[in-house]
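Asker: Add chains B, C and D to chain A, keeping to what the hints say.
Number of protein chains: 4
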Amino acid sequence: MLVEFSVIPIGIGSSLGSQLAEVLKIVDASGLPYKLNPMGTVMEGEWDEIMKLVKKCHGAIMKKGERVVTTITIDDRKGKPDRIELKVKSLEKRIGKSLKK
Amino acid sequence: MLVEFSVIPIGIGSSLGSQLAEVLKIVDASGLPYKLNPMGTVMEGEWDEIMKLVKKCHGAIMKKGERVVTTITIDDRKGKPDRIELKVKSLEKRIGKSLKK
Amino acid sequence: MLVEFSVIPIGIGSSLGSQLAEVLKIVDASGLPYKLNPMGTVMEGEWDEIMKLVKKCHGAIMKKGERVVTTITIDDRKGKPDRIELKVKSLEKRIGKSLKK
Amino acid sequence: MLVEFSVIPIGIGSSLGSQLAEVLKIVDASGLPYKLNPMGTVMEGEWDEIMKLVKKCHGAIMKKGERVVTTITIDDRKGKPDRIELKVKSLEKRIGKSLKK
Numbered sequence: 001m002l003v004e005f006s007v008i009p010i011g012i013g014s015s016l017g018s019q020l021a022e023v024l025k026i027v028d029a030s031g032l033p034y035k036l037n038p039m040g041t042v043m044e045g046e047w048d049e050i051m052k053l054v055k056k057c058h059g060a061i062m063k064k065g066e067r068v069v070t071t072i073t074i075d076d077r078k079g080k081p082d083r084i085e086l087k088v089k090s091l092e093k094r095i096g097k098s099l100k101k
Numbered sequence: 001m002l003v004e005f006s007v008i009p010i011g012i013g014s015s016l017g018s019q020l021a022e023v024l025k026i027v028d029a030s031g032l033p034y035k036l037n038p039m040g041t042v043m044e045g046e047w048d049e050i051m052k053l054v055k056k057c058h059g060a061i062m063k064k065g066e067r068v069v070t071t072i073t074i075d076d077r078k079g080k081p082d083r084i085e086l087k088v089k090s091l092e093k094r095i096g097k098s099l100k101k
Numbered sequence: 001m002l003v004e005f006s007v008i009p010i011g012i013g014s015s016l017g018s019q020l021a022e023v024l025k026i027v028d029a030s031g032l033p034y035k036l037n038p039m040g041t042v043m044e045g046e047w048d049e050i051m052k053l054v055k056k057c058h059g060a061i062m063k064k065g066e067r068v069v070t071t072i073t074i075d076d077r078k079g080k081p082d083r084i085e086l087k088v089k090s091l092e093k094r095i096g097k098s099l100k101k
Numbered sequence: 001m002l003v004e005f006s007v008i009p010i011g012i013g014s015s016l017g018s019q020l021a022e023v024l025k026i027v028d029a030s031g032l033p034y035k036l037n038p039m040g041t042v043m044e045g046e047w048d049e050i051m052k053l054v055k056k057c058h059g060a061i062m063k064k065g066e067r068v069v070t071t072i073t074i075d076d077r078k079g080k081p082d083r084i085e086l087k088v089k090s091l092e093k094r095i096g097k098s099l100k101k
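Top line first, the protein sequences correspond to chains A, B, C and D. Residues 1 to 101 in the working numbering are what the first sequence lists, from first letter to last. Residues 1 to 101 in the working numbering are what the second sequence lists, from first letter to last. Residues 1 to 101 in the working numbering are what the third sequence lists, from first letter to last. Residues 1 to 101 in the working numbering are what the fourth sequence lists, from first letter to last.
Calculated directly from the structure, the hints in this document are not laboratory data. One or more of the hints may lead you astray.
Identical copies go unnamed one by one, so any copy, or any two together, can satisfy a pair.
When the alpha-carbon atoms are kept at most 30 angstroms apart in a straight line, the in silico DSS-like pairs for lysine-lysine are as follows [unchecked claim]:
(1) 78 <-> 64
(2) 25 <-> 63
(3) 97 <-> 78
(4) 93 <-> 56
(5) 64 <-> 25
(6) 78 <-> 63
(7) 80 <-> 93
(8) 63 <-> 101
(9) 78 <-> 56
Bound conformation, chain A alone (with noise of 0.2 angstroms):
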């Protein structure tokens, strides 16, 4: 399944360039395929693997602070693996154009 999770750190002030590099970390050492952009990180992989690595983010940040906000969007398509490259892709196949990634 494709994930797309962000974690927000409230009352920490407005800056958490420093918060999300740990979270950044974390996923990077995970091994799981991943693509970072400005809103969220997307991740491909099973449930279980993946919520084990969101949990472990949200409780890296909620360890240094009092509130965390995290969202979680699972788009979960039977038969259809290696979705975190494809899914552009043949989007841009449609269109018949590159698109800005």
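Answerer: Positioned in the frame of chain A, the structure of chains B, C and D alone reads:
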């Protein structure tokens, strides 16, 4: 922590009532505190018990179809129990009037 | 259409009550049908009137701080009025019991 | 402000590619800065120009079907232009390595 989630079956038609009823039966049977609203279900509990429940709901709908989009929003705040009841009451107290629920 | 939205002030501390009370005053004064839940506000109406209201809420909180995260989920279905009341009732009818709201 | 949005047609089958291609054509033709990822499209701009575009995308899909779920997440921060490029670069600088995009 407070969690709102919704499970959207894709590709079975635009009437989702019978699928959503199945999700609500699972939620209602769980014994966890919840509140249903027209756009999703809010629950309160620990990470593992809630995620286990959301996985069960997501899986029940995946079993009957090809594709499911599930969204989860977590609001986690240290040392604040019973927020499923108190968050709205506290807002009403601040405003000094009863709000529509 | 049905719309759920939430406005999260970032960087003003972990207690958001006074800011959220301001949002709810704007919603309550709008005259549009709404239902408040512990994670957001659900409204029913046309695109332009609802988006104008959400922009007003978002702007009121931006005025007092540096950063705001606002989430909006729209469920738009042709020929189905009063879904803010009927969606939950229809689920309860299917299940044959009253659910927690 | 930064905005991520996605438009999900409900009830037309589990393959949504031709509908999503139509959304991307509208986005690409708008001239606004955007980045496509496997779960949505991130844009940068002012509230009114972005919401006008999202409304156009949502409406194009509603025209062809009965039901559409559209989600919009806004991250608005004062005095920070070009965040669609700089947010990820700033994270990479903190971590000291290039991340997958």
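Asker: If a hint holds in the structure, say so; if it does not, say that too.
Answerer: Results of checking the hints against the structure:
1. 78 <-> 64: Between copies only: 11 angstroms across chains, 38 angstroms inside a chain, cut-off 30 angstroms.
2. 25 <-> 63: Within one copy, since 16 angstroms is at most 30 angstroms while 34 angstroms is not.
3. 97 <-> 78: Only inside one copy: residue 97 and residue 78 sit 28 angstroms apart there, 33 angstroms across copies, limit 30 angstroms.
4. 93 <-> 56: Intra 37 angstroms, inter 23 angstroms, cutoff 30 angstroms: inter-copy only.
5. 64 <-> 25: within (16 angstroms within a copy, 33 angstroms between copies)
6. 78 <-> 63: between (36 angstroms within a copy, 10 angstroms between copies)
7. 80 <-> 93: Within one copy, since 17 angstroms is at most 30 angstroms while 34 angstroms is not.
8. 63 <-> 101: between (33 angstroms within a copy, 27 angstroms between copies)
9. 78 <-> 56: both (27 angstroms within a copy, 17 angstroms between copies)
Every hint from the earlier list agrees with this structure, and none is contradicted.
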